[in-house]
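Enquirer: First to last, the sequence lines map onto chains A and B. For reference, each letter of the first sequence is one residue, going 1 to 114 in my numbering. For reference, each letter of the second sequence is one residue, going 1 to 110 in my numbering.
Fair warning: there could be bad hints in the mix.
Said to hold, decoys possible - Listed next, the stretches of chain B that the computed footprint assigns to chain A, with coverage defined by at least 3 CB atoms under 8 Å from CB atoms of chain A:
hint, stretch
1, 54 to 61
2, 65 to 78
What the hints assert, rightly or not - The list that follows gives simulated cross-link-like pairs (lysine to aspartate or glutamate, DMTMM-like), each with its CA atoms no further than 25 Å apart:
hint, chain 1, residue 1, chain 2, residue 2
3, B, K57, A, E52
4, B, K57, A, E102
5, B, K57, B, D67
6, B, K57, B, E5
7, A, K57, B, E17
8, B, K70, B, E54
9, B, K97, A, E52
10, B, K97, A, E107
11, B, K59, B, E41
12, B, K56, A, E102
13, B, K97, A, E75
14, B, K97, B, E41
15, B, K97, B, E17
16, B, K97, B, D71
17, B, K59, B, D83
18, A, K13, A, E52
19, A, K13, A, E102
20, B, K56, B, E17
21, B, K57, B, D71
22, B, K59, A, E102
23, B, K57, B, E41
24, A, K13, B, D71
25, B, K70, A, E102
26, A, K13, A, E82
27, B, K70, B, E41
Simulated from the structure, these hints should not be mistaken for lab results. Ideal Cβ positions, reconstructed from N, Cα and C, are used throughout, including at glycine.
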Amino acid sequence: KAGVTQTPRYLIKTRGQQVTLSCSPISGHRSVSWYQQTPGQGLQFLFEYFSETQRNKGNFPGRFSGRQFSNSRSEMNVSTLELGDSALYLCASSRLAGESGELFFGEGSRLTVL
Amino acid sequence: TQLLEQSPQFLSIQEGENLTVYCNSSSVFSSLQWYRQEPGEGPVLLVTVVTGGEVKKLKRLTFQFGDARKDSSLHITAAQPGDTGLYLCAGAQGAQKLVFGQGTRLTINP
Chain A
1 KAGVTQTPRY LIKTRGQQVT LSCSPISGHR SVSWYQQTPG QGLQFLFEYF SETQRNKGNF
61 PGRFSGRQFS NSRSEMNVST LELGDSALYL CASSRLAGES GELFFGEGSR LTVL
Chain B
1 TQLLEQSPQF LSIQEGENLT VYCNSSSVFS SLQWYRQEPG EGPVLLVTVV TGGEVKKLKR
61 LTFQFGDARK DSSLHITAAQ PGDTGLYLCA GAQGAQKLVF GQGTRLTINP
């Protein structure tokens, strides 16, 4: 079956702009989690959605937001971009909410903020 | 402060050597997962350990969960260049989100 698909794969923005990233989970998976990966901080949890509801949220400012649609596809948005937002943003889907299921990751969206 | 500390952060060894990567915490986890991430790709699950003292083998890889479920190790025997990648441990605490370590970047030189 098709894996997790993230778009776009690469993008470049300037400070102050906003960006929207998209994630299509594996068919049948209802849980979508977002992570930020940087060399210095590793994988940091952003938020998790299950059945269109945010279940968990990490320690990121309100500039980071997300949503999930009825078909389980998810988007995350970052407003007023800062240089420190440059990172690989990973989406992961699983059948179940929470930690009990294996996470299937997409290839990520690499964001560069200039 | 990282909830899960991985060591070493970087490891470069020759093909054929053995190595061990550690994942330590002061917290107890209900389960612990190991992922491997290759350049340009997302992490891929290698194994999940759930019982204290549990040992799982995946070909040349041996995973162990500590008796107190606070730590884990990954041992690779006769490392090969294909083992090169970023190894991540991730701990689960009940219904909370997975917490990832910073990773061990492993390079196997031919």
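Enquirer: Decide, hint by hint, whether the structure agrees.
Expert: We went through each hint and held it up to the structure:
1. 54 to 61: With 0 residues in contact (Cβ-Cβ under 8 Å with chain A), the coverage given for the stretch 54 to 61 of chain B is violated.
2. 65 to 78: This one is violated; 0 residues, fewer than the three required, reach chain A with a Cβ under 8 Å.
3. B/K57 with A/E52: violated (37 Å)
4. B/K57 with A/E102: holds (18 Å)
5. B/K57 with B/D67: holds (17 Å)
6. B/K57 with B/E5: holds (22 Å)
7. A/K57 with B/E17: violated (41 Å)
8. B/K70 with B/E54: holds (12 Å)
9. B/K97 with A/E52: Within the cut-off at roughly 17 Å; holds.
10. B/K97 with A/E107: holds (20 Å)
11. B/K59 with B/E41: holds (22 Å)
12. B/K56 with A/E102: holds (16 Å)
13. B/K97 with A/E75: The given pair, whose Cα atoms are some 19 Å apart, holds under the 25 Å limit.
14. B/K97 with B/E41: Holds - the C-alpha atoms of B/E41 and B/K97 are around 21 Å apart, at most 25 Å.
15. B/K97 with B/E17: violated (35 Å)
16. B/K97 with B/D71: holds (18 Å)
17. B/K59 with B/D83: holds (12 Å)
18. A/K13 with A/E52: violated (28 Å)
19. A/K13 with A/E102: Status violated; Cα separation ~32 Å.
20. B/K56 with B/E17: holds (20 Å)
21. B/K57 with B/D71: holds (17 Å)
22. B/K59 with A/E102: holds (20 Å)
23. B/K57 with B/E41: holds (24 Å)
24. A/K13 with B/D71: This hinted pair is violated, its Cα atoms lying about 40 Å apart.
25. B/K70 with A/E102: holds (20 Å)
26. A/K13 with A/E82: The hint holds at about 10 Å.
27. B/K70 with B/E41: The hint is violated at about 28 Å.
The structure fails hints 1, 2, 3, 7, 15, 18, 19, 24, 27 (numbered hints given earlier, in ascending order).
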